[in-house]
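Trainee: From first to last, the protein sequence lines stand for chains A and B.
Using this note's numbering, the first residue of the first sequence is number 1, and each one after it goes up by one.
Using this note's numbering, the first residue of the second sequence is number 1, and each one after it goes up by one.
Hints are computed from structural coordinates only; laboratory data are not their basis.
A couple of the hints might just be wrong.
What follows is a set of in silico ranges between Cβ atoms, one per label pair, in the way DEER data are often shown [to be verified]:
| # | chain 1 | residue 1 | chain 2 | residue 2 | range |
| --- | --- | --- | --- | --- | --- |
| 1 | B | Gly168 | A | Leu126 | 48 to 56 Å |
| 2 | B | Ala223 | A | Ile271 | 41 to 49 Å |
| 3 | B | Gly168 | A | Leu248 | 20 to 28 Å |
| 4 | A | Gly85 | B | Asp16 | 47 to 55 Å |
| 5 | A | Gly85 | B | Leu40 | 37 to 45 Å |
| 6 | A | Thr116 | B | His58 | 45 to 53 Å |
| 7 | B | Glu110 | A | Gly254 | 51 to 59 Å |
| 8 | B | Tyr254 | A | Thr125 | 38 to 46 Å |
| 9 | A | Leu248 | B | Arg300 | 50 to 58 Å |
| 10 | B | Gly8 | A | Arg52 | 27 to 35 Å |
| 11 | A | Thr116 | B | Gly168 | 23 to 31 Å |
| 12 | B | Thr169 | A | Arg52 | 41 to 49 Å |
Below, computed lysine to aspartate or glutamate pairings styled on DMTMM-like, alpha-carbon distance capped at 20 Å [unchecked claim]:
| # | chain 1 | residue 1 | chain 2 | residue 2 |
| --- | --- | --- | --- | --- |
| 13 | B | Lys332 | B | Asp24 |
| 14 | A | Lys158 | B | Asp301 |
| 15 | A | Lys111 | A | Glu122 |
| 16 | A | Lys111 | B | Asp24 |
Chain A is nowhere near these chain B residues, computed Cβ spacing over 12 Å in every case [stated by the list, open to error]:
| # | residue |
| --- | --- |
| 17 | Val124 |
| 18 | Val159 |
| 19 | Glu161 |
| 20 | Trp182 |
Predicted model, so just to flag it, every value in this text is computed and none were measured.
Quick reminder that beta carbons are idealized off the backbone N, C-alpha and C, glycines included.
Chain by chain, the residues:
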Amino acid sequence: MDIFIYGIINSASLVLMALGFTLVYGVSRLPNFAHGALYVLTGYITWLLLNRVGLSYPLSMAISLAATGLIGAAMYQFILVRVRGMAISEIIASYAIGLAILEGLRWGGLKGGTFTLPPFVEGSTLLFGVSVDYQRLIVVVAGVVLVSLLWLFVSGTKLGLGLKGMAQDEQAAMTLGIDSDRMAVVAMAVGSMLAGAAALVLLPLANIIVETGYNVLIMAVAVCIVGGLGSWNGAILAAFIIGFAQILTVVFLGAHYQVVVALIAIIITLIMRPSGLFGRQKELEERV
Amino acid sequence: MTMSVEKGDRRKERLDRGIKVRTDGVYAISSWIEITYLVLPRMALIVGLLALPLVLTHFPYWQRVVSIIGIYALLAIGFDFLANFVGLVSLGGGLYIGVGAYIAALLNSEFGLPTYVTVPAATVLGGALCTMILFPCLPLRGVYFAIVSLMYPLLAGRVIEALNIFGGTDGIIGLDGFSSGWVEQYLLIACVLVALFVLRRMVTEDVGLVFRGVKDNDQAVRASAINITTYKALGVFIAAALGCLGGACLAHIYMWAGISQFALDFSIIPIAATVVGGGGTLVGAVIGCVILVPISEVLRDFGTLRIAVYALILTGFIVFKSEGIMTYATRKYEQTERWVEI
Numbered sequence: 001m002d003i004f005i006y007g008i009i010n011s012a013s014l015v016l017m018a019l020g021f022t023l024v025y026g027v028s029r030l031p032n033f034a035h036g037a038l039y040v041l042t043g044y045i046t047w048l049l050l051n052r053v054g055l056s057y058p059l060s061m062a063i064s065l066a067a068t069g070l071i072g073a074a075m076y077q078f079i080l081v082r083v084r085g086m087a088i089s090e091i092i093a094s095y096a097i098g099l100a101i102l103e104g105l106r107w108g109g110l111k112g113g114t115f116t117l118p119p120f121v122e123g124s125t126l127l128f129g130v131s132v133d134y135q136r137l138i139v140v141v142a143g144v145v146l147v148s149l150l151w152l153f154v155s156g157t158k159l160g161l162g163l164k165g166m167a168q169d170e171q172a173a174m175t176l177g178i179d180s181d182r183m184a185v186v187a188m189a190v191g192s193m194l195a196g197a198a199a200l201v202l203l204p205l206a207n208i209i210v211e212t213g214y215n216v217l218i219m220a221v222a223v224c225i226v227g228g229l230g231s232w233n234g235a236i237l238a239a240f241i242i243g244f245a246q247i248l249t250v251v252f253l254g255a256h257y258q259v260v261v262a263l264i265a266i267i268i269t270l271i272m273r274p275s276g277l278f279g280r281q282k283e284l285e286e287r288v
Numbered sequence: 001m002t003m004s005v006e007k008g009d010r011r012k013e014r015l016d017r018g019i020k021v022r023t024d025g026v027y028a029i030s031s032w033i034e035i036t037y038l039v040l041p042r043m044a045l046i047v048g049l050l051a052l053p054l055v056l057t058h059f060p061y062w063q064r065v066v067s068i069i070g071i072y073a074l075l076a077i078g079f080d081f082l083a084n085f086v087g088l089v090s091l092g093g094g095l096y097i098g099v100g101a102y103i104a105a106l107l108n109s110e111f112g113l114p115t116y117v118t119v120p121a122a123t124v125l126g127g128a129l130c131t132m133i134l135f136p137c138l139p140l141r142g143v144y145f146a147i148v149s150l151m152y153p154l155l156a157g158r159v160i161e162a163l164n165i166f167g168g169t170d171g172i173i174g175l176d177g178f179s180s181g182w183v184e185q186y187l188l189i190a191c192v193l194v195a196l197f198v199l200r201r202m203v204t205e206d207v208g209l210v211f212r213g214v215k216d217n218d219q220a221v222r223a224s225a226i227n228i229t230t231y232k233a234l235g236v237f238i239a240a241a242l243g244c245l246g247g248a249c250l251a252h253i254y255m256w257a258g259i260s261q262f263a264l265d266f267s268i269i270p271i272a273a274t275v276v277g278g279g280g281t282l283v284g285a286v287i288g289c290v291i292l293v294p295i296s297e298v299l300r301d302f303g304t305l306r307i308a309v310y311a312l313i314l315t316g317f318i319v320f321k322s323e324g325i326m327t328y329a330t331r332k333y334e335q336t337e338r339w340v341e342i
């Protein structure tokens, strides 16, 4: 039973990590290698506001989320838009920005185990005889809520429909008057805020350290590749597959082997189904 | 955006210098001036690199830095070749260095092989091993390669640590060093020069044409009944072998192979050097390393700040000055510029 419960929790956290990455890639075909950096940055800003400025917890979270959204939008508007469409430059530029943020934070003092965010609700409960703390339940709830909100946003609002149009066919979207650069900015802003939201929910479970940034990037990318780059349904399904695979590995083989699960999942996927679980209509594009 | 031409608008006109046009053909050998014009930049690089260890004879610390420049230059040449001629962005230079270092270390410590066997063996075996583990993402578009090559060095250290293989966190210590500092520096400088000129020649041959075809229009290459994956694998093998050569030398220089050889420095500095030096020129990658690696040594006291500095330099160059030093210098050397009224 604990495998089942912790598997669900682990999968939900993977969904949270991957949502922002897959949104940005799906809309503007931009692999945002700064995703993990934005995740850590949100946690660090929240920590600063909470402990150094002395704001209340909800307020610090709201401000840092907004800040991350702005940073993401600015990143696109001022830097990435200039290399749009040049695949090599896009990858290098976003990776470099991510590195600058992460290593800059590390130099600025983000090291050691002293940076922690408090859980939203202290304590734990028994669920089917398994002890689960409330924060982990919140992770699952947040996963469900964010996915539903994103779905409502994309299929219910004009802006969201614009994003969807861009994701499906950029040329056609542009002929219908959808400004592709503005949509990409929106996608980056929303994607960054999703990375931030994931950080706010997940970071109370661990210390804020720079390595988390690289881990989150790897996990987000793994989920997206296994699910099919840019496919949301695929990403969610893949998060569950990798999430449960990780928990099973920890239980039956030991925690050492957990790090290689994502890598093996990627390699098996690339060999068996290169376009991912749900990437069927893009199969020809992915395979050259 | 509306563009309108008004009176007084100017544009820059670029014309090839006469001497450049003359030296393009067989007339290059018609006079000493033309021969000098052709040979001077090439000799400047070769003589400059060969003279570096001699100039620094009284500064042993900076002599070591010359070796490090050589290692980074090998990685950077490989990166430039892979990115700008094959179209694969490798974000994990640390993988090649680490694999080369561990193979050389194992051959040296387990089998007692001397350095002149371990270094070539690590180059070939390491190149093959890296190609093999990167192979699954080669039939796909470039972004998969970037992602997977980023993952390997980040995970490799943790796998070695977790499984406690190859000496675990301590690494493999007590390797043979090179017989002297001179051997070490000149071996690396020679390797850099050979790699540079061989690759420069190769990319203008038929095989280089296919490589560029793979980058620019893979469907066309496929339509010519040429297997893309084979060529990508060959490209990755060349780049990885260069990196592994650097890694093997690094292991013997420090007489040690360890997890830190999968570090991020090896991934970011070659990329920054290539972009700063001028992507697609191969020479630019070497020049970039000669500029950036000493800066890295100076910044060593600031810890990871130097990675952040590199990342910022890199972003600045790629966004605002993407042609790089070498392309700029070539243009100045070969062309005259003047403003003309439209």
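Trainee: Is 37 to 45 Å a correct range for the gap between the Cβ atoms of Gly85 (chain A) and Leu40 (chain B)?
Mentor: Given range 37 to 45 Å: holds, Cβ gap about 38 Å.
Trainee: Looking at Val124 (chain B) again, its CB stays over 12 Å from all of chain A?
Mentor: holds (23 Å)
Trainee: Between Tyr254 (chain B) and Thr125 (chain A), does the beta-carbon spacing fit 38 to 46 Å?
Mentor: Taking Cβ atoms as reference, Tyr254 (chain B) and Thr125 (chain A) lie about 53 Å apart, which means the hint is violated.
Trainee: Does the structure keep Lys332 (chain B) and Asp24 (chain B) at a Cα separation of 20 Å or less?
Mentor: Judged against 20 Å, a Cα distance of about 16 Å means the pair holds.
Trainee: Taking 41 to 49 Å as the hint, is the beta-carbon distance of Ala223 (chain B) and Ile271 (chain A) inside that range?
Mentor: violated (25 Å)
Trainee: Regarding Gly85 (chain A) and Asp16 (chain B), is the given constraint of 47 to 55 Å on their beta-carbon distance met?
Mentor: violated (30 Å)
Trainee: Honestly, do Thr116 (chain A) and His58 (chain B) meet the 45 to 53 Å range at C-beta?
Mentor: Once the Cβ atoms are compared, 51 Å apart, the range 45 to 53 Å for His58 (chain B) and Thr116 (chain A) holds.
Trainee: Is Lys111 (chain A) within 20 Å of Asp24 (chain B), Cα to Cα?
Mentor: Violated. Lys111 (chain A) to Asp24 (chain B) sits at ~57 Å, over the 20 Å cutoff.
Trainee: Given the range 41 to 49 Å, decide if the beta-carbon distance of Thr169 (chain B) to Arg52 (chain A) lies inside it.
Mentor: Between Thr169 (chain B) and Arg52 (chain A), where Cβ atoms are some 34 Å apart, the hint is violated.
Trainee: Are Lys111 (chain A) and Glu122 (chain A) close enough, with their CA atoms no more than 20 Å apart?
Mentor: Outside the cut-off at roughly 25 Å; violated.
Trainee: Given the range 50 to 58 Å, decide if the beta-carbon distance of Leu248 (chain A) to Arg300 (chain B) lies inside it.
Mentor: Once the Cβ atoms are compared, 43 Å apart, the range 50 to 58 Å for Arg300 (chain B) and Leu248 (chain A) is violated.
Trainee: Does the hinted range 27 to 35 Å hold for Gly8 (chain B) and Arg52 (chain A) at CB?
Mentor: Given about 55 Å between the Cβ atoms, the range is violated.
When the structure is compared with the earlier hints, violations turn up for hints 1, 2, 4, 7, 8, 9, 10, 12, 14, 15, 16, 18, 19 and for no others.
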